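Q: Taken in order, these protein sequences are the chains called A and B.
Numbered according to my numbering, the first sequence spans residues 375 to 628.
Numbered according to my numbering, the second sequence spans residues 11 to 175.
Think of the hints as simulated: they come from the structure by calculation, not from any bench.
Here the structure is a predicted model, which is why all the values come from computation and not from measurement.
A portion of the hints provided could be inaccurate.
[Claimed, not checked] Stretch-level coverage of chain B by chain A, calculated; a stretch enters the list once three of its residues show a Cβ under 8 Å from a Cβ in chain A:
1) 37–50
2) 65–73
3) 118–127
4) 150–164
[Stated by the list, open to error] Using C-beta positions, here's what the derived DEER-type ranges look like:
5) A/His604 / B/Ser12: 40 to 48 Å
6) A/Pro623 / B/Gly144: 18 to 26 Å
7) A/Lys581 / B/Asn77: 32 to 40 Å
8) B/Thr41 / A/Asp392: 50 to 58 Å
[Stated by the list, open to error] So these bits of chain A aren't anywhere near chain B, every CB distance computed over 12 Å:
9) His416
10) Val583
11) Cys618
By construction, the Cβ of each residue, glycine as well, lies at the ideal position given by its N, Cα and C atoms.
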Amino acid sequence: MSDDDYPDDSVLTQQLRDSLSHVATSERPPLAQITSRGRAHHRRRLAALAGFGGAGVAAGTALALGLTGALSTGALSTSGPGAHAGGAGTTRTTAAPAGSTGAGSKASAGTIQTAAFTLTGNANGTDTLVLTMKQVFDPAVFQQALAQHGIPALVKTGEFCTSSPAPANPAAIGVLSIQLPAGLPHKGKAMVATSAQPSSELIADTKTVIDPARIPTGTELFFGYSSSGHALFFDLIYPGSYSCSSDKPPMSRG
Amino acid sequence: MSQDEAEFAGFFAASWEPCLRAVAASTGNMTLAEEQTAEAFARAWASWHKLSRHPAPRAWVVRTALNAGASWWRRRSKETALTGDDIAAADSQGIGLDSALLTALRRLPARQREVIVLRVFLDLDIDTTARQLGIAPGTVRAHLSRAMTALRNELAPATTSEIER
Numbered sequence: 375m376s377d378d379d380y381p382d383d384s385v386l387t388q389q390l391r392d393s394l395s396h397v398a399t400s401e402r403p404p405l406a407q408i409t410s411r412g413r414a415h416h417r418r419r420l421a422a423l424a425g426f427g428g429a430g431v432a433a434g435t436a437l438a439l440g441l442t443g444a445l446s447t448g449a450l451s452t453s454g455p456g457a458h459a460g461g462a463g464t465t466r467t468t469a470a471p472a473g474s475t476g477a478g479s480k481a482s483a484g485t486i487q488t489a490a491f492t493l494t495g496n497a498n499g500t501d502t503l504v505l506t507m508k509q510v511f512d513p514a515v516f517q518q519a520l521a522q523h524g525i526p527a528l529v530k531t532g533e534f535c536t537s538s539p540a541p542a543n544p545a546a547i548g549v550l551s552i553q554l555p556a557g558l559p560h561k562g563k564a565m566v567a568t569s570a571q572p573s574s575e576l577i578a579d580t581k582t583v584i585d586p587a588r589i590p591t592g593t594e595l596f597f598g599y600s601s602s603g604h605a606l607f608f609d610l611i612y613p614g615s616y617s618c619s620s621d622k623p624p625m626s627r628g
Numbered sequence: 011m012s013q014d015e016a017e018f019a020g021f022f023a024a025s026w027e028p029c030l031r032a033v034a035a036s037t038g039n040m041t042l043a044e045e046q047t048a049e050a051f052a053r054a055w056a057s058w059h060k061l062s063r064h065p066a067p068r069a070w071v072v073r074t075a076l077n078a079g080a081s082w083w084r085r086r087s088k089e090t091a092l093t094g095d096d097i098a099a100a101d102s103q104g105i106g107l108d109s110a111l112l113t114a115l116r117r118l119p120a121r122q123r124e125v126i127v128l129r130v131f132l133d134l135d136i137d138t139t140a141r142q143l144g145i146a147p148g149t150v151r152a153h154l155s156r157a158m159t160a161l162r163n164e165l166a167p168a169t170t171s172e173i174e175r
């Protein structure tokens with residue numbers, strides 16, 4: 375305390391500080407855990423700053439891409455609790471479920487639902503993606519939805535992008551955890567994520583948990599939609615160093 | 011490790027304990043304090059390019075941690091009247107803080123408690139405390155004076171009765 379405080383408070387001040395020194399603290403968490411969590415925050419903030427907070431942007435993009443129906447006000451926006459944009463539009467955004475706004479969770483990710491996919495923010499910071507792909511898959515809308523959930527990604531249709539040397543397979547390092555739809559194996563596709571051969575494709579009705587905190591620094595997810603097989607190829611790429619081709623890359627990589 | 015990472019690692023190592031103590035003393039719940047403090051440090055790393063130039067980064071962390079827990083406390087205060095010593099005593103056992111003191115701290119209005127945390131626990135001067143809270147130095151002095159008076163009044167009866175025994 376300095377002389378700008380009341381002299382009588384000095385005893386009490388010391389008592390308060392002494393009490394604080396008796397507070398038993400636990401071991402500090404690993405630095406990597408903190409920085410990983412911080413990176414997820416940073417990505418979410420960048421995504422918000424990238425212009426996904428405006429309904430006008432989302433609506434404009436949707437119109438440009440020929441989506442049927444109209445996006446309701448607030449669709450694909452970072453709407454606050456209680457906000458709901460539904461109606462006849464093809465995209466619907468709902469607020470995050472109760473209890474999902476705690477520390478470490480997404481502030482306002484909620485659920486984004488289109489005809490082709492549903493993306494739901496989970497309380498632990500991950501997101502659950504369920505693909506339906508019963509209608510034409512729209513890469514821009516999917517990329518926007520991922521960005522809104524703090525997931526850096528590039529999404530294309532009919533093109534498949536890879537970096538060389540390639541980062542780790544996202545399914546192998548826990549960025550994506552894939553739950554296969556009932557009844558698989560599915561027409562011979564290499565869908566089953568085994569330790570020897572992780573999956574590189576998602577098909578309709580696949581439920582996938584995405585953990586943005588596990589995306590390695592300097593990389594982002596790539597999703598390439600194949601309309602012929604209604605499948606979504608995925609990989610990790612370096613945003614500043616990748617090439618794309620209409621030829622699908624080899625299916626799996628450890 | 012980059013220079014930023016090295017700087018942040020140093021800040022994290024040196025500041026975790028004092029920040030956690032300040033948050034724990036303010037919230038009275040160590041589990042919650044750990045979670046809030048970890049969250050605040052994660053946000054600190056996300057903003058490290060700015061925070062590294064901050065005049066009082068520990069104060070930023072503590073305020074962020076307390077803000078992160080504010081909604082939790084609002085919910086809890088609706089569910090449980092924070093007037094009973096039992097609550098504070100139960101919580102204080104978990105953090106090793108004197109229960110009377112914890113009760114007294116928890117009864118302070120939020121702004122007064124913030125001033126105590128920054129001015130007393132983090133030992134910031136009046137001007138820095140004022141800048142952190144976005145209020146005038148005179149207002150900090152007024153909050154501090156009221157908080158200290160309230161704490162003294164809360165703690166005095168216990169001290170007196172102990173002496174009388």
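Q: Hint by hint, say whether it matches the structure.
A: Here is how each hint holds up against the structure:
1. 37–50: Our answer is that it holds, as 6 residues pass the Cβ test (under 8 Å) against chain A, meeting three.
2. 65–73: violated (count 0)
3. 118–127: violated (count 1)
4. 150–164: That given contact holds, which follows from 6 residues of the stretch 150–164 of chain B lying within Cβ reach (below 8 Å) of chain A.
5. A/His604 / B/Ser12: 40 to 48 Å: 43 Å, holds
6. A/Pro623 / B/Gly144: 18 to 26 Å: 53 Å, violated
7. A/Lys581 / B/Asn77: 32 to 40 Å: 35 Å, holds
8. B/Thr41 / A/Asp392: 50 to 58 Å: 24 Å, violated
9. His416: Its Cβ does come within 12 Å of chain B, the nearest being 4 Å, so this is violated.
10. Val583: 21 Å, holds
11. Cys618: 30 Å, holds
Violated hints, in rising order: 2, 3, 6, 8, 9; the structure is consistent with all others.
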